[in-house]
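In order, the protein sequences belong to chains A and B. Residues in the first sequence are numbered consecutively from 1, following this note's numbering. Residues in the second sequence are numbered consecutively from 1, following this note's numbering.
No wet-lab data here; the hints were simulated from the structure. In this text the structure is predicted, and so the values were computed from the model without any measurement. Cβ coordinates follow ideal geometry from the N, Cα and C atoms, glycine included. Hints are not guaranteed to be accurate.
What the hints assert, rightly or not - What the simulated footprint calls covered on chain A by chain B, stretch by stretch (three residues with Cβ under 8 Å from a Cβ of chain B suffice, anywhere in the stretch; the number is not a length): (1) 8-15; (2) 41-48.
To be verified - Partial list, derived from the structure: chain B residues whose beta carbon lies under 8 Å from chain A: (3) Gly43; (4) Pro44; (5) Arg81; (6) Asp82; (7) Thr83; (8) Tyr87; (9) Leu100; (10) Phe102; (11) Gly103; (12) Gly105.
Below, each chain spelled out in residue letters.
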Amino acid sequence: GAGVSQSPRYKVAKRGQDVALRCDPISGHVSLFWYQQALGQGPEFLTYFQNEAQLDKSGLPSDRFFAERPEGSVSTLKIQRTQQEDSAVYLCASSLGGTETQYFGPGTRLLVL
Amino acid sequence: DAKTTQPPSMDCAEGRAANLPCNHSTISGNEYVYWYRQIHSQGPQYIIHGLKNNETNEMASLIITEDRKSSTLILPHATLRDTAVYYCIVRAWGASGSRLTFGEGTQLTVNP
């Protein structure tokens with residue numbers, strides 16, 4: 001079956017622009033996670049949804065980062081007024097439930113110039 | 001979640017077994033050991049997980065010591081496609097929405 005998909009795969013933004021990154025989880029997966037991966041580092045947790053409810057956003061680095069999942073399926077991670085330090089790969093993962101195995105998408109590589 | 005320690009890099013000859021170690025000396029009784037790998041420019045790929053018994057699937061075997069303070073991921077016949085960063089992660093079971101806490105992982109290079 002289809003895995004987690006993310007779009008766009010690559011995004012170049014000028015500093016100060018807003019960007020929106022999309023995640024399509026595996027069908028039927030209740031839980032959805034966003035991670036940020038800086039170059040040469042392991043992924044770091046950003047936020048977690050169970051259905052449409054955002055239950056944990058403790059990893060979001062600033063109030064410029066906002067995530068939503070309005071219908072409990074597709075999720076969007078929005079970054080406002082992008083900064084160079086936001087350059088990273090943004091990974092989305094989904095799981096059947098919050099305690100189940102997480103399956104990752106290919107990521108969106110964001111470069112802020 | 002408990003911290004894990006892995007060697008930064010390892011090499012393996014193609015066709016031989018790759019044995020990747022992980023120390024997790026502060027693991028709690030309700031924490032599972034998970035292994036993921038990340039091939040260059042791809043998202044992390046789930047490999048296997050276990051609590052205290054050894055586990056095997058079509059990708060790998062996981063050997064957990066009796067005291068659960070360390071484990072070894074075994075790729076029985078490594079191929080060039082197994083070159084990747086391998087992450088050992090301990091994760092509490094039953095904690096809804098429990099995040100995965102990645103360390104720096106082990107860069108495994110399989111050589112022809």
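- Against chain B, does the stretch 8-15 of chain A show at least 3 residues with beta-carbon separation below 8 Å? violated (count 0)
- Given as covered by chain B, does the stretch 41-48 of chain A meet the bar of three residues or more with CB within less than 8 Å? holds (count 6)
- Task: Grab the minimum C-beta distance from Asp82(B) to chain A and call the hint holds if it beats 8 Å, violated otherwise.
- Result: violated (18 Å)
- Do the numbers back the hint for Phe102(B), that is, is its least Cβ distance to chain A under 8 Å? holds (3 Å)
- Item | Agreement of hint Gly105(B) with chain A interface, Cβ distance less than 8 Å | Given a least distance of 6 Å, the restraint on Gly105(B) holds.
- Task: Could you check if Gly43(B) really has its C-beta closer than 8 Å to a C-beta on chain A?
- Result: Gly43(B) check passes; min Cβ-Cβ to chain A is 4 Å, inside 8 Å.
- Message: Would the hint on Pro44(B) be counted as holding, given a Cβ-Cβ threshold of 8 Å to chain A?
- Response: holds (5 Å)
- Holds or violated: is there a CB of chain A closer than 8 Å to the CB of Gly103(B)? holds (6 Å)
- Would you settle whether the hint for Leu100(B) is holds or violated, based on the nearest Cβ-Cβ distance to chain A being less than 8 Å? holds (6 Å)
- Query: Any CB of chain A closer than 8 Å to the CB of Tyr87(B)?
  - Reply: Holds, because the Cβ-Cβ distance from Tyr87(B) to chain A comes to roughly 6 Å (cut-off 8 Å).
- Item | Residue hint Arg81(B), partner chain A, criterion CB-CB below 8 Å | violated (16 Å)
- Message: Hint Thr83(B) vs chain A: min CB-CB distance below 8 Å?
- Response: violated (16 Å)
In this structure, the earlier hints numbered 1, 5, 6, 7 are contradicted, and the remaining ones agree with it.
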